[in-house]
Structure formats: C-alpha cells, structure tokens
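Spelled out, the chains give:
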Amino acid sequence: MLVSDLVEKFGLKVFSGEEGLENEVNGGYVSDLLSDVMGNAAEGEVWITLQTHQNVMAIASLKDLAAVILVKGTEPEDDTLERSNEEGIPVLGTNLSTFEIAGKLYSFIS
Amino acid sequence: MNLNFEIASGDFSKAGRASSHIKKVLKQLQVEPKVIKRIVVAIYEAEVNVVAHSVGGTLSAVIDEIGIQVELKDNGPGIEDIEKAMKKGYSTASKKVRDMGFGAGMGLPNIKKNTDELSIKSKVGEGTTVTFRTNF
Numbered sequence: 001m002l003v004s005d006l007v008e009k010f011g012l013k014v015f016s017g018e019e020g021l022e023n024e025v026n027g028g029y030v031s032d033l034l035s036d037v038m039g040n041a042a043e044g045e046v047w048i049t050l051q052t053h054q055n056v057m058a059i060a061s062l063k064d065l066a067a068v069i070l071v072k073g074t075e076p077e078d079d080t081l082e083r084s085n086e087e088g089i090p091v092l093g094t095n096l097s098t099f100e101i102a103g104k105l106y107s108f109i110s
Numbered sequence: 111m112n113l114n115f116e117i118a119s120g121d122f123s124k125a126g127r128a129s130s131h132i133k134k135v136l137k138q139l140q141v142e143p144k145v146i147k148r149i150v151v152a153i154y155e156a157e158v159n160v161v162a163h164s165v166g167g168t169l170s171a172v173i174d175e176i177g178i179q180v181e182l183k184d185n186g187p188g189i190e191d192i193e194k195a196m197k198k199g200y201s202t203a204s205k206k207v208r209d210m211g212f213g214a215g216m217g218l219p220n221i222k223k224n225t226d227e228l229s230i231k232s233k234v235g236e237g238t239t240v241t242f243r244t245n246f
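Protein sequence lines, in the order shown, are assigned to chains L and D.
Numbered according to the numbering used here, the first sequence spans residues 1 to 110.
Numbered according to the numbering used here, the second sequence spans residues 111 to 246.
For reference, chain D alone in the conformation it holds in the complex (with noise of 0.2 Å):
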C-alpha cells in the first residue's frame, strides 16, 4: 500500500497529518499496537521537521506485511551538519518554533529510537532526504 503527503512549511496547523492518518492504516491492519505507537512518533517528528525546517516537501509511505518505509523528500534548504542535528538538544529552529514547544533538539533522536533503519541525505541549496523503516 502507497500513502502520499505534501507538507507545506510553516503551516504547523497541517503538522499530525499524515501520522494521523497512517495510525488509522494501521490500526485497521490490525498492526501491534505497541508498534503503531513507535511508527506514529516518528512519522510526528518527521513531519514537524519539514514545516518548521524546510521550504516544503513531500512524504511518501509504503506497507508491506513486514513493516513500513517511509521517505520525507524537502526542497531545502538542507542541514550543514547532519552529526550535529542528530545530537539530543542541538537545535536550529527559530524562537517562534521554540515557543511553541518544538525545536528542543528531540525530534531527529526520537525518529531513530522508533526506527529499526534510518538514513539521512542532505545537501546544503538542494534538499534533504530522510528515508526510515519500522518492522511489525
């Protein structure tokens, strides 16, 4: 099964989107749900990262029997340092995200603790490519 999102940056009211709706997916599934709950956090955090991050990109899920893999694609504009982002508290997010409680340097953590593969491509001017997988 293929499940495709846009995701516009800035917009947080939009944020939840597409994790809410894969949680249903896979409820229905009847996927564990202890493994819905890994899933739907990091699909959250992913999302918040292209609307608080990026000029806007797309996410793409695929279900197979085993698992889902999930690919968010933005347009930029890309990170410098992809060790650093991965740092729990390293944040580069704008006062007004912090304000609202996000851009604590938890989101990139999270998505790999909920996660059984994680890769991440970035290219400063071009875009980044986040690509994880959670097995059932």
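With the rest of the complex left out, here is chain L (with noise of 0.2 Å):
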C-alpha cells in the first residue's frame, strides 16, 4: 500500500512532501512524545501526531517513515514544510481526531 492510496480513501489534504507520495506504507505509529516514536516506530509507518514543529520531521526522516498525518485540521509550521519538502516525507492532514483516524487507518491496513 501506498502513501496516495491513504490520501485517497481518507480524503487527506497533501501539505508537502509531495516526492514521497509513492513511499511504501506497511503500518502506523500514534504518538505526541517524540522519544517514544524515536524508541519504537519502525521504518514505513505512517505517524499520527499534533506536533506540528519541525523536529517531527527529523525524527520522521531518521527512523525512514513513509508519512506524517497531522489531526484534527492542525498544519504543519513553515520549517516543518520545508524539511518535508527536502526529506521527501509528506507531512498530510485530517480533520478527524487522532482515535478517529487510527481506528480507519488501522482497519484498512490490517
């Protein structure tokens, strides 16, 4: 499965990163404390979060996630953007919450 086949079935908005639309996605990962996704998530997991500073990115690019997914309509600061754009991890967004999109990523996924 793939990054664009998410954003299609949920209807997620495409902040950036636009390159890694194609990444392979094989699970998730939910989490607000960057330490514990660092610890734990594995290489092409989607990440749900509101953290929307910048450092999501690093952590997103250094543990190879396929995608960011960013709830409850927060968007994502300018440098987070930025970096997106450069790692090539598209940072994308949902209005639901992050119980409600885990619950639909996770059924379509497994």
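Since the hints were derived computationally from the structure, they do not count as laboratory data.
With a cut-off of at most 30 Å between alpha-carbon atoms, the simulated DSSO-like pairs for lysine-lysine come out as follows:
no., chain 1, residue 1, chain 2, residue 2
1, D, K205, L, K72
2, D, K222, D, K233
3, D, K231, D, K134
4, D, K231, D, K183
5, D, K206, L, K13
6, L, K72, D, K124
7, D, K205, D, K183
8, D, K198, D, K223
9, D, K194, D, K124
10, D, K147, L, K104
11, D, K183, D, K223
12, D, K197, D, K144
13, D, K206, L, K72
14, D, K231, D, K206
15, D, K194, D, K183
16, D, K222, D, K183
17, D, K198, D, K231
18, L, K13, D, K124
Not close to chain D: a few residues of chain L, all C-beta gaps over 12 Å, as computed:
no., residue
19, M1
20, L2
21, S4
22, G11
23, K13
24, E18
25, E19
26, L21
27, E22
28, N26
29, K72
30, S97
31, G103
32, K104
33, I109
Note that this is a predicted model, so its numbers are computed, not measured.
A virtual CB, placed ideally from N, CA and C, is assigned to each residue, including glycine.
The task is to assemble the complex, starting from two chains supplied on their own in separate frames and drawing on the hints.
Next comes the structure, spelled out in structure tokens:
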C-alpha cells in the first residue's frame, strides 16, 4: 500500500513532501511523545500526531517513516513544510481526531 | 574517521543535525541498516539532551572497522542524580520542552537500549560527558 492510497481513501490533505506519496506503507504509529516514536516506530510506518514543529520531520527522516498525519485540522509550521519537502516525506492532514483516523487506518491497513 | 559537531543550547531546529549526518556516513560505509537505526536513535536522543538541558556542548564521533564511539561534552549545569536521570519517566525538562513532546523521561533509557557501552560522568556546576559505543 502506498501513501497516495491513504490520501485518496481518507481524503487527507497533502501539505508537503509530494515526492514521497509513492512511499510504501506497512503500518502506523500513534504518539505525541517524540522519544516514544524515536524508540518504537518502525521504518515504513505512518505517524499520527498533533505535534507540528520541525523536529517531527527530523524524527520521521531518521526513522525512515512513510508519512506524517496531523490530526484535528492542525497545520504544520513553515520549517516543518520545508523539511518535509527536502526529505521527501509527506506531511498530511485530517480534521478527524487521533482516535478516529487511527481506527480507520488500522482496519484499512491490517 | 572523526566527525565533530557543535550543539547550541535551546536550538531545537538543529537537533538531529549530527545524527542525520552520521546516518548518511554509515549508509555509505554499508553498515547494516538495523545497526544504523540503533546508532541513530542513541545519537538523536543525546543531541536533544544537550539542546534541552545544557548550556551547549560538542559531539564527536569516531568510526572504526568494528563500531562507532560517540562522546558528548557539555559545559553545565551537570546532572545531580544520574541514577534518577536513567529512570524511565523521570525528567527535569521545562514545560516548553515537554509541550514539544520531548522530556518524557525516555531519552537516556533509549540511549542505553541502543548502545553496547554507555558511560555518564557529571559534575554539578561543571558539566556532563556522555560516552557510548555501538558495534557494527
């Protein structure tokens, strides 16, 4: 499954990192604690969070994540967008809450 | 191979600079991806610690045939109780740092988990030196 499949299926907004829309997705991780993601997320996962600053992209890149999904209509900061474009890791957005989007993704992916 | 980086206090925009550079170097050296992942987690957490807690410092990494040795040195304020700092969930991070999603008391445990050797020496008022090694 590709990031673009999730975008299409759930009507996610693509903020940046379009180059990575063809990244392969093999799961997801939900957390707003950066060290938790650093320690426990795996390569190719989609990260659902409400954190919008550029350290999110540093972690997404170091962990080779497929994409980041921001919840509840939150928007990434400018330097987050910049970093996302540089790294080719999409930042996506949804108006849904973490619970709702995680539930939908879980049943779609597994 | 020797790699050296300056780490400024409070500058979260640069946290990850050393780990991201070292990741690229290890990839070029064709180190096993699993091992690179461990090393990168440890270095990132260590960088964030210097940014979040210290007045600034340096990171130096030495890569040889069998592994990577990393040393982080800061100029204070020092850790009062290292044993406590190593405990999962314990943190002295400010509210601002916590709001960013850091400071959950998972940094040092993450470093320990992803390294083969770890040493922390600290003197209050002087500074902290963290040294770790991960073998390929």
